[in-house]
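J.: Residue numbers (this note's numbering), protein chains in the order written: chain A, 1 to 75; chain B, 1 to 284.
Bear in mind the hints are in silico, worked out from the structure with no lab data behind them. Each residue gets a CB set at the ideal place from its N, CA and C atoms; glycine is no exception. Any given hint might turn out to be false.
Facing chain B, from chain A, some residues (calculated, C-beta under 10 Å) [unchecked claim]:
hint : residue
1    : Asp-33
2    : Ala-35
3    : Leu-37
4    : Arg-43
5    : Ala-44
6    : Val-47
7    : Asp-64
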Amino acid sequence: MSAEALRQALAALGIHGSVEARGALAILTLHGDGAPLRDRELRARAVALASENGFTNLALEVSDSSGEGAALHRD
Amino acid sequence: MDETLATELAVDVREKEKRLAAWLGEQPSVLLGFSGGVDSAYLGCVAVETLGKERTLAAIGRSPSYPDEQWATARSIAERVGLPILEVDTHEMDDPRYAANPTNRCYFCKTELWTVLQRVARERGIATIIDGTNADDRSDWRPGTQAAREHEIRSPLAEVGMTKAEIRFLSRQRGLPTWSKPSSPCLSSRLPYGTPVTAPRLRQVELAESALRELGVVGDLRVRHHGDLARVELDRRELDDWLEPARLAALRNAVTSAGFERVALDLRGFRSGSLNVLGGVSAA
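When you get a sec, could you build the whole thing from the sequences and use the hints?
T.: Below is the structure:
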C-alpha cells in the first residue's frame, strides 16, 4: 500500500494531486478543482487504481477551495 | 421484465406473505424489536393485522446510537398501522465490550436489547419475541444474529424466505412509506472498528447526516467517522451531481457544521458495510 505509487498512477491518468494514506483509506487532495472526477469512467479508473495499490477506499478531500469554481460560474 | 414472469413472481411473493401470516397466526402473542426500518415496519404491519392489537407489541430500543429521525419515523409508522409500541432504554454504551467497538460490536448491542425485551416479554406474558431479520441478512456478516439465537428470538421474515426486495415490493403494495426507505443501521456503524463508541462521536455523525439530508441528499448516505475527518458516502447515482463545485462547497459546510475539521467524498459511493471492508472483516 503506497500513497506515492497511487499519486503517480493517478497523475498518469491526468488526475493531479497529493495522496494521504490512513490505513486502507486513500485521501486525494486535488491540485485544481474536481472537474476530472466528474467523468464517471475516469472516476471508476481512479478507484480501480486505488484498489490495485492496496487501498479499499479512495476519497476526495473537499477543501475550502473546492467551491472556488462555483464562484467563477456565478460570476 | 416479461409480464408473465412478473406476475409469477408477484404470486410467489404473495404466497410467502400468506406463509408469514400463518406463522404469526400460530403465536399466542408477539413482541417485535421495532426500529421503524423497512423490515420491522412491514413485519409489524402484518403482525398487527394477523394477531390484532391485543396480541402484538412493538418495542423501540432507545439509546444514543439510534438516530432521532429514525425514532420519529418509527413512531409515525406505528401510529399509521395501529401498532402498539413500547419505548425502552437500552444501555449498550455502558458495556465496555461494546464501547471498545470490536468487529462483533453488534453482538453486545443485541445482547442488551434482547435481554431487556425478554424481561418485558416475561412481565407481560408475551410468548414470542421476533425481529425483522430477512432472508438476505443471513448471508451477511452479522454478529448480532448470534445474540438473537442465544435469546431465542425468532425471525419470521427469514424463516419464510422473504428477501429485502420482496419486503419492499409488499410494503409498497400496502402503501407503507418505508418501501423505498434506504437501509439505516445504527450510528455506531459509522465508526471504524477499534474507534471507541462515544455519545459525542455518534451525535457528530447524526448532525452531519441530518445537515446533508436538509441540503437535499437523497438515497443512501453514510458519514463515516475518521477522527477529524468525515468520509461521506453517497448513493452512486448521486455522485455526479455532488461533484459540482457549488454542491461540494455546500456539502463541506454541512459536514463541518457538525464539528468535523476535514471532509472527504468517497469516490466509489455508498457501500453497505464499507467499514467491514476497510477494517478487513469482509472482502472489497
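J.: Please go over all the hints and tell whether each is borne out by the structure.
T.: Here's how the hints hold up against the structure:
no. : hint   : in the structure
1   : Asp-33 : 6 Å, holds
2   : Ala-35 : 8 Å, holds
3   : Leu-37 : 6 Å, holds
4   : Arg-43 : 6 Å, holds
5   : Ala-44 : 9 Å, holds
6   : Val-47 : 5 Å, holds
7   : Asp-64 : 8 Å, holds
Hint check: no violations occur; every hint is consistent with the structure.
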